[in-house]
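S.K.: For reference, the chains in residue letters:
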Amino acid sequence: MHTTKNETAVEIVAMNKWYGQFHVLRDINLKVGRGERIVICGPSGSGKSTLIRCINRLEEHQKGKIIVDGTELTNDLKKIDEIRSDVGMVFQHFNLFPHLTVLENCTLAPIWVRKMPKKDAEEVARKYLERVRIPEQAMKYPGQLSGGQQQRVAIARALCMEPKIMLFDEPTSALDPEMVKEVLDTMVTLALDGMTMLCVTHEMGFARQVANRVVFMDVGQIVEANEPKEFFAHPQHERTKLFLSQILH
Amino acid sequence: MTGEREGPAARPRLAVLYNPKLRGIFYQLVLLAIMVWLGIEFALNAKTNLQAQKIATGFGFLDNTAGFGVNQSLIAYQESDTYGRVFFVGLLNTLVVSAFGIALATAIGFLVGVARLSNNWLIARLAGVYVEVIRNLPLLFQILFWYLAVLGALPAPRNAISVLDGVFLSNRGIAVPRPLFGEGSGLVLAAFAAGIVVTLMLRFWAQARQEKTGQQFPLGCAAAGLILGLPLLVMIAAGFPIGFELPQLRGFNFVGGVTMIPEFTALLIALSTYTAAFIAEIVRSGIQAVSRGQTEAAYSLGLKPGRTMSMVVIPQAMRVIIPPLTSQYLNLTKNSSLAVGIGYPDLFAVFAGTTLNQTGQAIEILAVTMAVYLVISLITSALMNWYNSRLQLVER
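Sequences listed follow chains A and B, in order. Here the first sequence stands for residues 1 to 249, where the numbers follow this note's numbering. Here the second sequence stands for residues 1 to 396, where the numbers follow this note's numbering.
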């Protein structure tokens with residue numbers, strides 16, 4: 001799908017971040033290969049969201065290195081724009097633009113960032129709306145859709161930029177239970193297509209099904225990372241065991 | 001009442017008494033009766049008093065000669081004109097200061113409001129100081145400040161501060177050049193109009209091309225070239241048919257050009273800067289009301305901050321901004337009646353002020369004045385509501 005200039009999609013080296021005095025992320029080291037699917041879990045406040053938000057610079061890190069697709073994230077605004085247009089993100093609360101139709105939500109960035117002709121942008125948008133299985137909602141406004149539909153539009157909107165990496169920040173946490181599945185199904189399809197994905201989620205079924213590695217975080221540190229089978233069967237650390245015993249009942 | 005509660009025979013009457021619908025009608029009838037009675041009483045009372053004081057009633061006075069001068073008039077006016085004409089002079093003066101005031105206040109307000117949210121520490125602080133100082137001082141004080149302390153402190157015309165020898169600031173007002181349209185100036189105006197038309201067509205074409213090929217066109221530069229450059233070229237080619245009449249110092253004042261009297265200038269500056277402080281806060285709160293997630297979503301798609309502001313944040317902020325902004329427009333229009341404090345001849349000063357004093361016909365004049373402000377305000381809010389309804393989000 002992509003012409004690879006290297007096999008590493010994201011590389012994080014000894015990264016630290018503070019909010020004022022509060023040390024949110026401590027010595028994070030993580031290497032994500034192209035096409036790899038990483039699920040990040042951990043108790044609330046452990047820094048999972050902050051970690052993936054650092055990857056597209058919605059949050060700034062203070063120490064260490066983050067290299068995305070061969071480009072290091074610095075204060076260079078041009079590089080930040082480039083990285084952002086190649087890294088898609090899906091948010092917990094969808095964050096669709098309520099004043100634009102579903103189609104316009106999907107074509108806004110391709111038109112203004114990728115400088116795509118409107119007609120082509122709409123074609124791409126319809127293709128991805130088809131893929132998340134809501135092509136018939138294209139002319140509606142986000143407020144007219146259900147939560148699950150909105151989140152699928154949000155996924156389509158990110159895909160319209162044809163990103164190399166997708167970040168998911170608790171994509172199913174704000175959904176009604178019966179809508180979780182439709183969003184997870186969409187994510188599974190995406191994973192099976194070979195997309196590089198970093199997902200913050202507590203959907204352990206999803207982790208088992210598609211993740212190459214599960215990363216467990218606590219108090220701003222990566223406690224352990226392992227392939228799902230091992231991770232669930234033989235957690236190494238006490239903290240991980242405790243966490244798993246609480247969420248898997 | 002206590003008797004009615006006892007026997008079952010009283011039941012039907014009770015039902016009538018406790019029926020909320022009938023009760024509602026009863027109270028409304030009572031209220032209506034009181035209003036009608038008050039109205040009649042008021043009218044009769046006024047009639048008797050007016051007769052006792054030998055004051056004429058009706059609108060006949062509008063045809064009488066006013067006999068007083070007005071220091072700014074957009075239509076031809078002299079002392080021998082009627083009160084009716086004074087009314088229009090005042091009305092136009094109110095409208096002109098309100099219209100310019102609204103435009104200026106909106107521009108300053110949006111600028112300061114956005115500046116207050118700037119990441120630049122100095123700019124944000126300056127905007128904050130502006131808002132806190134201006135909105136916390138009485139408007140009348142500010143009008144007097146501009147009139148007496150700033151414009152009044154300017155030198156006399158013969159020592160006027162000159163800007164490029166064309167604009168003169170003195171205590172008699174601000175004199176600016178007046179354009180003179182000589183032979184062939186029609187060509188220049190035609191070029192100007194053509195520039196606008198071509199720019200509009202260009203915009204159409206650029207949009208179509210963008211949709212087809214994705215290329216974006218530098219419309220701003222092209223528009224500047226066409227709208228300003230083209231008339232300039234024609235002007236040079238035609239040998240400068242449009243000239244300017246410069247203000248000249250003659251005796252104690254300037255003649256020629258156009259002079260904005262200090263009353264107008266002071267009122268305009270005070271009204272627009274004062275209202276702008278409130279508009280700035282409205283704009284700031286409107287922008288802040290748009291959730292941070294919207295900005296983050298736009299950034300995560302690679303949109304730049306400027307584009308995010310104009311295509312994602314501002315369109316949503318407008319829904320929150322418009323209703324209180326309308327109130328500020330209404331306030332500005334009504335506050336323009338403080339013109340009476342410095343002698344700017346607005347509707348209130350010349351009609352509800354001087355005309356009322358001279359004729360004594362308070363009821364008619366106040367009723368007309370009230371109606372005028374009401375009509376201006378209702379038109380303003382109708383326009384703004386229409387605009388607001390177009391911005392509403394579609395849900396469900």
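The hints are simulated quantities; they were obtained by calculation from the structure and are not laboratory data. For glycine and all other residues, C-beta sits at the position ideal for the given N, C-alpha and C. Take the hints with a grain of salt, since some may be wrong.
Examples of chain B residues toward chain A, derived with CB under 8 Å [said to hold, decoys possible]:
| # | residue |
| --- | --- |
| 1 | 211 |
| 2 | 297 |
| 3 | 356 |
S.K.: If a hint holds in the structure, say so; if it doesn't, say that too.
M.R.: Right, here's what the structure says about each hint:
1. 211: For residue 211(B), the interface hint holds, since the closest Cβ of chain A sits about 4 Å away, which is under 8 Å.
2. 297: Since chain A brings a Cβ to about 4 Å from residue 297(B), closer than 8 Å, the hint holds.
3. 356: violated, 49 Å
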